[in-house]
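A.B. asks: Chains as they are written, first to last, in the working numbering: chain A, 1 to 95; chain B, 1 to 404.
What the hints contain is simulated information worked out from the structure, not anything from laboratory work. Please note: incorrect hints may appear among the correct ones.
[What the hints assert, rightly or not] 16 Å max Cα-Cα, derived EDC-like pairs, lysine to aspartate or glutamate:
id : chain 1 : residue 1 : chain 2 : residue 2
1  : B       : Lys29     : B       : Glu8
2  : B       : Lys89     : A       : Glu53
3  : B       : Lys29     : B       : Glu324
4  : B       : Lys29     : B       : Glu278
5  : B       : Lys29     : B       : Asp342
6  : B       : Lys89     : A       : Asp52
All figures in this text were calculated on a predicted structure; none of them were measured in a lab.
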Amino acid sequence: MAEITVVLPSVLQPLAGGQSCLTTPADGAVTVESLLDAVTGDYPVLARRLRDETGSLRRFVNIYVGGEEVRRLKGLETEVAAGQEVLIIQSVAGG
Amino acid sequence: MGCMATAESYVLAIGTKKGLWLARSTDRKEWSLSGPHFLMSEIPSIGIDTRGDSPRILVGVRSEHWGPTVAHSDDLGATWTEPEQGAIKFPEGTDAALERIWQIYPDSASRPGVVWAGCEPISVWKSTDGGEHFELNRGLWDHPHRSEWGAGYGGAAAHSIVVNPSGENVHVAMSTGGVYRSLDGGASWEARNKGISAYFMPDPNPEFGQCVHKIAADAAVEGRLYAQNHHGVYRTDDNGENWISIADGLPADFGFVMLTHPRREGTAWVVPIKADGERIPPDGRLAVHRTDDAGGSWKRLDVGLPDHEYNAVLRDAAAVDSAEPAGVYFGTRGGSVYASADEGESFIEVASHLPDVLCVRAAVVPGVASGDAADDAAVQSAVESAALSEAESAAFAAASTVPA
Numbered sequence: 001m002a003e004i005t006v007v008l009p010s011v012l013q014p015l016a017g018g019q020s021c022l023t024t025p026a027d028g029a030v031t032v033e034s035l036l037d038a039v040t041g042d043y044p045v046l047a048r049r050l051r052d053e054t055g056s057l058r059r060f061v062n063i064y065v066g067g068e069e070v071r072r073l074k075g076l077e078t079e080v081a082a083g084q085e086v087l088i089i090q091s092v093a094g095g
Numbered sequence: 001m002g003c004m005a006t007a008e009s010y011v012l013a014i015g016t017k018k019g020l021w022l023a024r025s026t027d028r029k030e031w032s033l034s035g036p037h038f039l040m041s042e043i044p045s046i047g048i049d050t051r052g053d054s055p056r057i058l059v060g061v062r063s064e065h066w067g068p069t070v071a072h073s074d075d076l077g078a079t080w081t082e083p084e085q086g087a088i089k090f091p092e093g094t095d096a097a098l099e100r101i102w103q104i105y106p107d108s109a110s111r112p113g114v115v116w117a118g119c120e121p122i123s124v125w126k127s128t129d130g131g132e133h134f135e136l137n138r139g140l141w142d143h144p145h146r147s148e149w150g151a152g153y154g155g156a157a158a159h160s161i162v163v164n165p166s167g168e169n170v171h172v173a174m175s176t177g178g179v180y181r182s183l184d185g186g187a188s189w190e191a192r193n194k195g196i197s198a199y200f201m202p203d204p205n206p207e208f209g210q211c212v213h214k215i216a217a218d219a220a221v222e223g224r225l226y227a228q229n230h231h232g233v234y235r236t237d238d239n240g241e242n243w244i245s246i247a248d249g250l251p252a253d254f255g256f257v258m259l260t261h262p263r264r265e266g267t268a269w270v271v272p273i274k275a276d277g278e279r280i281p282p283d284g285r286l287a288v289h290r291t292d293d294a295g296g297s298w299k300r301l302d303v304g305l306p307d308h309e310y311n312a313v314l315r316d317a318a319a320v321d322s323a324e325p326a327g328v329y330f331g332t333r334g335g336s337v338y339a340s341a342d343e344g345e346s347f348i349e350v351a352s353h354l355p356d357v358l359c360v361r362a363a364v365v366p367g368v369a370s371g372d373a374a375d376d377a378a379v380q381s382a383v384e385s386a387a388l389s390e391a392e393s394a395a396f397a398a399a400s401t402v403p404a
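Just chain B, same shape as in the assembly (with noise of 0.2 Å):
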């Protein structure tokens, strides 16, 4: 069988509680499976920087033992380098260390360079080379909110960042906390939060202490975001100063899941889970609802997804792709991760058995991939140099770019 070489590829990394995984497909259809990498480390967050010459795959490592750090790697995984001194460190003078990084954000092509991070304690760091280096962002960790912000279940984080294209305006949601919206490129931060419910508070409308579990951006319209609550399926026109329900229609309004079409106006999709107190798909049955008019309706989408379900979609364990059409890629904290290159309409499982999925994240990537024989071996090899002792794994980089 001959190479089909093709001009581009996709690539969807899988993070999960005890490693990172690496699907490479030509087509969205048939996926070849490397990792673990950084086996025993989990990994909650991924960026896919698509930005410069050739893709840049940042990934937010934790150990258990070893703690946190950021690695990166410019030949989609083959190699991992970490900085020296570590790409995000909280500096002196603020008493507090570095737990977990939620998010990893690439910034728009027009600001080559910029990646955002989102961390736990909260805090939101800006990176210009890349994610060699962040700086935190002083306006954020200095408001006067900040000592009555607290925790979700999985800790006090800021998981959310969204960028608009002229960069001036930065929206950021943290748990528990809710959505804080800069308009001056992150110098300063206001609570926006009007409309979203906290019932678990004595005051069900506060200011802040909402507890948003994601946001993301209308592909087209300004100032258009959407956002899963805690309870709550919200939509802001107007920049975030005022959230309407657009739950209407979902089978639940608890999830943590939201994603948004790469360019279309008024397409998102989110994953609801049944409730705060039971967190299962609705009568155990998994399923992904579209809305293509900004959530006044929404479409139920399981073709492809298993009979019964029970676990969660966490909020970073969807992602999607930049393709034509649209490619919608989650994963479950049962392990199973499913990709749609159809937005959403039919699904196919690309992955099972795998640890917790914390994080996935899809890309178009130059470069040919191909189902011959000989790169099967390849493939093949490339799991097995993957396959990472921990011992590996825990110097998965040292002072200089080592193999994976």
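The following block holds chain A by itself, in its conformation from the complex (with noise of 0.2 Å):
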């Protein structure tokens, strides 16, 4: 089966046991909602970093599907092809 792989920045990889990249199995497309579910089902912490408790994205988080960041698709909804790779980076902000 193909998988659906889902790179993290290194600041979020000690959340995620100090993996740099998470892997999913996938048949077909999946939504990132879902991918992300998917990905972040054993790392609580992790998927509270990218998402508050309504389910949106933080604001400061980018992911990027086909070199494409989310919000200019169709958010959360952006379908990810089975043996795409998705792109998580934090946004330029602060001071």
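Make one complex out of these two single chains by using the hints.
C.D. replies: In structure tokens:
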């Protein structure tokens, strides 16, 4: 079965047991929302760093699918194809 | 030099825009500083719970990137723990998300384990397990006024929580909304702002909508509270039914801080700021003012403070300890922190050039703090180990306790 890989920024890797990538098996396309549910299921603190309790992506967390930030696509409803790689990158923020 | 063992020492927790610093002292004159903890996250709230066998430091942490959370340490900052599912989380159906924890308030010794929190969006929370899990106060959340509460410059938050000894009377202050009072332990709430000005509204004396910056209870007189308002300093002697001005004698009636003595009737401290439109100490001269007669008169206290200071002191960037005489502590938005071991008569600088100070809390804790070389080395080691990388900071509390 194909996999989808989520690449974590180094700052979040300790929350995933030190892993730089999380993978989940996928027969076909899945939404970013269900992908995040799948890969963070065992890492609830990581899950809270990415999305708030309403399920919304935190303002300065960017997720890239096919090189495009998902807010420019369909947000968390953006579909990810089996075999694709998804990047999580914190945006430039703060002072 | 031998170890100057004492049965008690002092801890001063300093929450800033970019992390937490901890200071320890045996005499409130010499302080050893360690930190930062949670580097690059702001620490807008701290509670030091001294009711148990060992003190627990609770901190509200907020990262611009990764959001807010509550962490706690039972070993004075050596290690930190964050509940996996988050200590404060809006329940389903509220369609709200926690933005920032503005207040962490351990309740009285007669109610061990009870800790209150005030948050943004405007909400009050209560924990019965020492701050590891909080429940939303539905009485205030479902209050019919809620849709009309507004946001001050810093955000819309419940920032002050005062509980009387019996636990029946709870006062909350919010910006903006003003003071709300519960007579049933938090089940139901009524606005109690009569006498507090809201000059920025069409009706300057509304039932609610005031921008009360901080409230604090008198140490000894039941039903007496003090308020620092967005212009205006007030006192109530009837549990919030009526507020009267006690600003006469102060150089300005604007400010954020309101502190009360841990034991003595009628004693409170404020840190005046010139005005809403000029948020600097009056004449650029920083001073604390103390009343010992419930606001009848004020004494300027500035011994040990700098000649010139143009930074404000925020609402929770000031605290008292429970020692005798009471210690008074505050920090500025310029990153200076001052401590007084004599109720404000004189101050020393504990730290300088830190990020903006958002919150300070101080407590007397059991244990030895010492001054010999070995302990100095231990302190230095603590400083180094506490200087987390940003990566470590983000991961400060994974599934289990991690070394800070």
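A.B. asks: Compare the structure with each hint and give your call.
C.D. replies: Now the hints, each set against the structure:
no., hint, result
1, B/Lys29 with B/Glu8, "holds, 14 Å"
2, B/Lys89 with A/Glu53, "holds, 7 Å"
3, B/Lys29 with B/Glu324, "holds, 14 Å"
4, B/Lys29 with B/Glu278, "violated, 33 Å"
5, B/Lys29 with B/Asp342, "holds, 11 Å"
6, B/Lys89 with A/Asp52, "holds, 9 Å"
Hint compliance for this structure: hint 4 alone is broken.
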